[in-house]
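Student: Each chain is listed here by its residues.
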Amino acid sequence: MQTSMKKESSSNDFFNFKNLFNILKNFLHNNFIKSTVFIWITAVFFFSTSCNVSDEVCRKEKNSRLKVGFYTAILNSSTGNYTLSTLSIDSLTVNGVDSLGNIMDSVLYNNSKNLSSIKLPLNKFSNESKFIIRFNDSIQDTLTVFHTNYDQYLSFECGIIRNHLIDTVLITNHFVDSVKIEEHNVSTIDAEHLQIFHN
Amino acid sequence: MQNIYRYFIISLLITVAVNFSAAQNKTAGSDKSSEVKWWNGFLVKMDVVSPFVTGFSDTEHFGMEGSVQFNLKRKIFPIYEIGFGGADKLSSNAIRFNTNGVFQRIGVDFGLLKQSNDKELINNMLTGGVRLGWSNFSYDLTNLSLSDDYWGGSQTLNFEGRSTTKTWYEIVVGIQVQVYKNLYMGWNIRNRHFFKEDTSGNIVPWYIPGYGKSGSSNTGLNYIIGYHF
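Chains as they are written, first to last, in the working numbering: chain A, 966 to 1164; chain B, 438 to 666.
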């Protein structure tokens, strides 16, 4: 019996943790009282480690903003092609305009200096958002964005946010030449959605 | 989904095969000793952790579960687990989540300790195994607020009675000892994983009966008391 047992243990090295198992096995075998105590201790240990306080504060970005970049096209005289270059506006004032045509009380950008891009909030409860952009304190253009809205569930801690899909963009041509939609989906992902061109 | 089930079954078969080969090694070494019977009774178990947790966590979530485990050859332990669980939770931004439902799991445990074929029955075991769990439940996610800081306006969204089915698998390691005659005690740790991740942006339950707090993986502990028949 003894020899067969030895042979068995030496031949069967399938488990790497054989020694650990054997120690555990012997421990569990030899007396029941100690093993139950051991079980209780381990159970308490797992309890204490598993009952950590969960983080219940939202740490995700919750604002989806329309990002607009300003560009100018520069003619390369040698090749005859136009190259795109970012345009830094010396002074910029942006206001929202509500559905009745009234200028919103709060100003989005107030005489902000040297901006090459702006971030605007789209209306979550309407399919139209209108902005008046005043360039260099002299010329102003009206930007109208038509969009559809959709909801995105972030998490139980963060709740739900409303994102937008740009449909159509209209802009007056006082300072601005044209506008181009780069990205239709306005979400918390940082991307440039509109490009405004000025010569 | 089909692929995942296939994966589950294949991994199950591999585990069985590995254990059989290990078992064969053993019988080859000591073929003179008596054969271990296939049927060695069954164990009815109750989990004592979930009701205990229920009593100490402001009834944020609650549960109760029991299981029947068969003892085949004192080496293979097929198990069926059934339970009831739920949660009622208010988030820091006043979103309320509410659910309850029945969950079931099937699986198998394998004795990891080498069994010597002595006359004395060895009923203390270290086991490792897998489970396939599923739960069909409905949940409410209410008071989700949306407001527009610039343009004005606000809205509260309520999603009530949303019914869903979740499936997951678990990797379980545990210890079980015979405390007195037919009475057994033990614990097991389980690591749970979903088969399929939720599509981001959609409403998802915060808590899933039988799984716990929703997340790609989750670790749980069961402390069981069992009776052997």
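Please note: incorrect hints may appear among the correct ones.
Computed beta-carbon distance windows for the label pairs [unchecked claim]:
{"id": "1", "chain 1": "A", "residue 1": "Lys1027", "chain 2": "B", "residue 2": "Leu509", "range": "29 to 39 Å"}
{"id": "2", "chain 1": "B", "residue 1": "Thr593", "chain 2": "A", "residue 2": "Asn1138", "range": "54 to 64 Å"}
{"id": "3", "chain 1": "B", "residue 1": "Thr656", "chain 2": "A", "residue 2": "Lys1027", "range": "51 to 61 Å"}
{"id": "4", "chain 1": "B", "residue 1": "Tyr617", "chain 2": "A", "residue 2": "Lys1027", "range": "51 to 61 Å"}
{"id": "5", "chain 1": "B", "residue 1": "Leu527", "chain 2": "A", "residue 2": "Tyr1047", "range": "52 to 62 Å"}
{"id": "6", "chain 1": "A", "residue 1": "Lys1084", "chain 2": "B", "residue 2": "Thr656", "range": "52 to 62 Å"}
{"id": "7", "chain 1": "B", "residue 1": "Gly598", "chain 2": "A", "residue 2": "Ile1146", "range": "36 to 46 Å"}
{"id": "8", "chain 1": "B", "residue 1": "Thr656", "chain 2": "A", "residue 2": "Phe986", "range": "15 to 25 Å"}
{"id": "9", "chain 1": "A", "residue 1": "Arg1024", "chain 2": "B", "residue 2": "Gly590", "range": "22 to 32 Å"}
{"id": "10", "chain 1": "A", "residue 1": "Lys1145", "chain 2": "B", "residue 2": "His630", "range": "56 to 66 Å"}
{"id": "11", "chain 1": "B", "residue 1": "Gly478", "chain 2": "A", "residue 2": "Arg1024", "range": "15 to 25 Å"}
{"id": "12", "chain 1": "B", "residue 1": "Ser529", "chain 2": "A", "residue 2": "Thr1153", "range": "11 to 21 Å"}
{"id": "13", "chain 1": "A", "residue 1": "Asp1116", "chain 2": "B", "residue 2": "Lys633", "range": "53 to 63 Å"}
{"id": "14", "chain 1": "A", "residue 1": "Lys1084", "chain 2": "B", "residue 2": "Gly598", "range": "33 to 43 Å"}
Hints listed in this document are in silico derivations from the structure and should not be mistaken for laboratory results.
Ideal Cβ placement from N, Cα and C applies to all residues, glycine included.
Student: Against each hint, give a clear statement of whether it holds in the structure.
Tutor: Results of checking the hints against the structure:
In this structure, A:Lys1027 and B:Leu509 break the distance hint of 29 to 39 Å, their C-beta atoms being roughly 54 Å apart. Taken as a hint, the range 54 to 64 Å is violated for the pair B:Thr593 and A:Asn1138, whose Cβ atoms sit roughly 42 Å apart. In this structure, B:Thr656 and A:Lys1027 break the distance hint of 51 to 61 Å, their C-beta atoms being roughly 29 Å apart. Checked against the hint of 51 to 61 Å, the C-beta distance between B:Tyr617 and A:Lys1027 comes to roughly 57 Å, which is consistent with it.
A hinted range of 52 to 62 Å holds for the C-beta pair B:Leu527 and A:Tyr1047, which are about 58 Å apart. Distance hint check: the CB atoms of A:Lys1084 and B:Thr656 are about 41 Å apart, inconsistent with the given range 52 to 62 Å. Checked against the hint of 36 to 46 Å, the C-beta distance between B:Gly598 and A:Ile1146 comes to roughly 39 Å, which is consistent with it. Judged by the Cβ atoms, the range 15 to 25 Å given for B:Thr656 and A:Phe986 holds: they are separated by roughly 22 Å.
Distance hint check for A:Arg1024 and B:Gly590: the Cβ-Cβ separation is about 26 Å, which falls inside the suggested range of 22 to 32 Å. Between A:Lys1145 and B:His630 the Cβ separation comes to about 45 Å, which falls outside the hinted range of 56 to 66 Å. A beta carbon spacing of about 52 Å between B:Gly478 and A:Arg1024 contradicts the range 15 to 25 Å that was offered as a hint. Separated by about 20 Å at the C-beta atoms, B:Ser529 and A:Thr1153 satisfy the suggested range of 11 to 21 Å.
Checked against the hint of 53 to 63 Å, the pair A:Asp1116 and B:Lys633 fails, with Cβ atoms roughly 22 Å apart. The hinted window of 33 to 43 Å between A:Lys1084 and B:Gly598 holds, with their beta carbons roughly 38 Å apart.
Going down the numbered hints, you'll see the structure goes against 1, 2, 3, 6, 10, 11 and 13, while the others check out.
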